[in-house]
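Chemist: Spelled out, the chains give:
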Amino acid sequence: MLKKSMRKPLALFAAASLAAIGLTVPASHAASSTIQVYISADTNIQDLWVKTLVPAFKLAYPGYDVNVTFDLHGDHDAQETAKITAASVLHKDPGVDLIDGGFTTTLGAAGLLYRPTPGLMPNIKDLNKTVLAAGKGGIPYRASSVLLAYNSTTVPTPPATLDDLLAWIKAHPGKFTYNVPSGGGSGYAFAQTVVDKYLSNADRATLVAQAAPELEAKWAQGLETLRQLNKYTYGQNGTYPANNAETLKDLATGLVDMGTVWSDQFSSALKAGTMPANIKVTAIKNPALTGGASYLGIPNSSTNKTGARLLANWVLSPVAQNLIVGGTLNGFPVIPLNKLDPKLVTAFAGVDILNLRAAYLSANANDLKSQWASTVPGK
Amino acid sequence: MISLRRKKNKEGSLTSQGGGPSLLGLGLSLPPLLIVLVFVGLPILIGLTFSLGFTTGPNRVIAIIGQQIHKKNHWWGTLSAYNDVIHDSRFLGDLGLTIFVTVLSTTLVLLLALSIALYQRLIGGRKAAVLVTLSIVPLFVPVVISAWAIHTFYGGDGFMKTFFTHFGVDFPTLTSTPSAIVIGTVWTSLPFAILMISSGLQAIPDALIESAKDCGASVFRVIANILVPLAKTPIIIAASFTSIGILGSFTIPLFLGPNQPTMLGVEISNFFGAYNRPQQSLVMAFIVFAIASGIAVLYVRSNIKSARESGRL
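As you go down the protein sequences, you meet chains A and B in turn. Read in order, the letters of the first sequence are residues 1 to 379 in my numbering. Read in order, the letters of the second sequence are residues 380 to 692 in my numbering.
Honestly, the hints are just simulated from the structure, not real lab data. Treat the hints with care, since some could be wrong.
As the list claims (entries may be wrong) - Calculated pairs, EDC-like style, for lysine to aspartate or glutamate (alpha carbon to alpha carbon, straight line, at most 20 Å):
hint : chain 1 : residue 1 : chain 2 : residue 2
1    : A       : Lys285    : A       : Asp93
2    : A       : Lys58     : A       : Asp42
3    : A       : Lys51     : A       : Asp65
4    : A       : Lys218    : A       : Asp203
5    : A       : Lys175    : B       : Asp463
6    : A       : Lys231    : B       : Asp467
7    : B       : Lys450    : B       : Asp463
8    : A       : Lys249    : B       : Asp536
9    : A       : Lys379    : A       : Glu224
10   : A       : Lys280    : A       : Asp203
11   : A       : Lys218    : A       : Asp163
12   : A       : Lys339    : A       : Asp352
13   : A       : Lys175    : B       : Asp549
14   : A       : Lys379    : B       : Asp467
15   : B       : Lys451    : B       : Asp463
Given only the sequences and the hints, what does the whole structure look like? Please build it.
Modeler: The structure is reproduced here in structure tokens:
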């Protein structure tokens with residue numbers, strides 16, 4: 001009897017638990033005064049938005065509220081890309097109005113971003129045209145460059161050009177490293193720069209602007225140069241650090257005397273004291289290491305494009321750019337230096353921040369990472 | 380004897396009584412079954428169709444984003460993505476390393492677990508208890524933490540290298556080598572195998588060991604002819620769980636292994652993320668799945684056999 005009376009609640013419980021799992025879909029938001037910002041990055045970018053940009057924006061536009069969703073290290077980039085793509089295809093609200101993350105350019109390349117115009121977003125007039133065009137709808141809002149970091153105690157005069165650097169690496173076995181291109185942008189920049197050494201300017205520009213599988217055969221010579229470096233780089237049997245952080249660690253602990261690093265990560269490490277003061281950075285030429293902008297994106301399917309445009313336009317204003325440059329991030333601005341606080345600008349002496357050599361379009365970059373992995377390490 | 384036990388079992392069994400309790404059984408087993416079907420089975424099926432080039436319906440979005448997508452050219456699909464993977468210069472090296480690490484680490488884990496468990500069973504005492512307790516510690520250390528600990532221990536600026544330098548010995552840098560993956564996987568897999576095998580050995584009655592000894596059997600003979608055969612099922616369970624775990628490992632080979640070749644777990648993630656080739660990464664996942672299923676067959680067979688022996692089936 002007791003068993004029979006239990007059966008019904010049990011079945012109900014079973015049904016309810018199934019329903020609970022199936023129905024946890026995010027609630028939609030209708031209030032147009034709330035701007036949904038999705039950030040996929042490291043904690044320094046989270047701090048930039050949550051502690052610096054958003055409070056200043058709300059002060060300037062009291063009528064708006066900004067809701068920040070943060071995804072550490074872009075762990076959910078694939079899911080978020082799929083969600084935004086699906087929302088766009090199905091004409092549904094993706095729950096995101098403004099994206100700051102590496103996958104913005106992927107969305108742009110797939111034609112899923114709203115393309116900003118100077119009429120509705122006046123501040124994009126100040127941006128570098130090539131950098132803006134490369135975003136395919138993505139809006140560049142801060143930049144950073146890959147630089148050559150070196151131990152000034154053991155290397156008094158660092159290499160000035162890529163050829164000098166390659167010669168230095170061969171003359172000092174085991175003292176240079178760059179991380180796996182698929183693991184971080186600083187190692188990727190070195191790989192692309194060596195590959196670019198053998199390409200014409202026209203080919204380089206094409207690879208930055210559009211998917212060009214037919215040009216990829218021309219990478220062979222550069223990849224061969226990289227393969228030949230295996231016995232001269234740290235590890236000496238073709239093993240490379242897994243990510244940006246590991247290169248920084250190898251430099252800080254003195255395992256290597258030279259390596260490629262992101263400008264902002266290096267500055268932050270120096271300020272935090274995790275990087276000794278005798279490690280310095282320099283820019284090389286012919287060709288320069290790549291750098292690039294980080295892009296904001298407004299999904300086509302966003303239900304609050306007006307708010308997203310307003311926020312993105314404000315981020316490009318001198319007020320916000322000063323915050324990006326002067327805060328803890330140590331980012332590069334994307335607008336001309338003469339519009340910024342002169343005190344902050346001195347830090348960029350020697351780096352042509354508005355004409356950074358761009359990285360390839362993501363589709364080509366993905367192919368380069370894949371080809372590097374098949375031809376260089378351990379070969 | 381056996382038939383008697385079975386008969387008794389049938390009489391005492393709950394499932395053979397009327398329709399009510401079997402409905403209850405169904406009600407209890409249905410939610411987990413449905414969850415597995417809907418949230419695991421269905422995605423696997425959708426993944427299989429995508430790897431075969433079905434790029435519409437549920438696969439439409441991923442086909443828009445991914446690179447090097449092959450669309451089906453027969454009613455059943457296409458094997459182009461499988462062809463891509465098999466002819467990729469990385470794949471055979473990755474597969475070889477994955478199988479090498481799985482076989483070597485599983486063997487090492489079983490040998491180590493067996494020796495600790497035998498020590499506890501045959502000699503016992505305080506020391507053995509302390510040893511077993513200590514060997515369980517890795518179970519409570521998250522894999523990421525232990526991977527970094529091993530990295531700082533065996534790295535180019537690690538403890539071993541620094542320590543031996545004081546004596547003029549150049550200790551090899553083990554990080555970025557398959558050896559480091561083996562060290563890492565053995566460390567993380569050992570506790571479970573020890574728990575499994577030592578509990579299996581503890582269940583063997585003292586009388587069997589003592590009577591064998593009385594007949595003049597050596598310790599080695601007791602181990603080979605009594606202890607190991609009687610603990611076969613827990614040993615096979617430990618072996619299959621350990622090898623499936625190592626086969627799909629990600630964190631250890633990512634932090635400690637060479638860049639290339641790497642284990643398939645890491646390569647799947649590279650293909651899915653960094654190279655943006657979801658179809659090819661799924662193909663590799665199905666290959667790992669096929670190998671794991673082979674191991675699972677061993678596990679299920681041994682389970683069925685032990686169930687038969689004890690009369691549950």
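Chemist: Look at each hint and say if it fits the structure.
Modeler: Tested hints:
1. A/Lys285 / A/Asp93: Violated, because 46 Å separates the two Cα atoms, which is more than 20 Å.
2. A/Lys58 / A/Asp42: 23 Å, violated
3. A/Lys51 / A/Asp65: Status holds; Cα separation ~14 Å.
4. A/Lys218 / A/Asp203: 9 Å, holds
5. A/Lys175 / B/Asp463: With a Cα-Cα distance of about 37 Å, the restraint between A/Lys175 and B/Asp463 is violated, given a limit of 20 Å.
6. A/Lys231 / B/Asp467: 24 Å, violated
7. B/Lys450 / B/Asp463: 13 Å, holds
8. A/Lys249 / B/Asp536: Holds, at roughly 10 Å.
9. A/Lys379 / A/Glu224: Holds. A/Lys379 to A/Glu224 sits at ~10 Å (cutoff 20 Å).
10. A/Lys280 / A/Asp203: Distance ~32 Å between A/Lys280 and A/Asp203 Cα, so the pair is violated.
11. A/Lys218 / A/Asp163: 19 Å, holds
12. A/Lys339 / A/Asp352: OK: A/Lys339 and A/Asp352 at ~16 Å, within 20 Å.
13. A/Lys175 / B/Asp549: It holds: about 18 Å lies between the C-alpha atoms, which stays within 20 Å.
14. A/Lys379 / B/Asp467: Since the Cα atoms of A/Lys379 and B/Asp467 sit roughly 15 Å apart, the hinted pair holds (cutoff 20 Å).
15. B/Lys451 / B/Asp463: 14 Å, holds
Comparing the model with each numbered hint stated earlier shows that hints 1, 2, 5, 6 and 10 do not hold.
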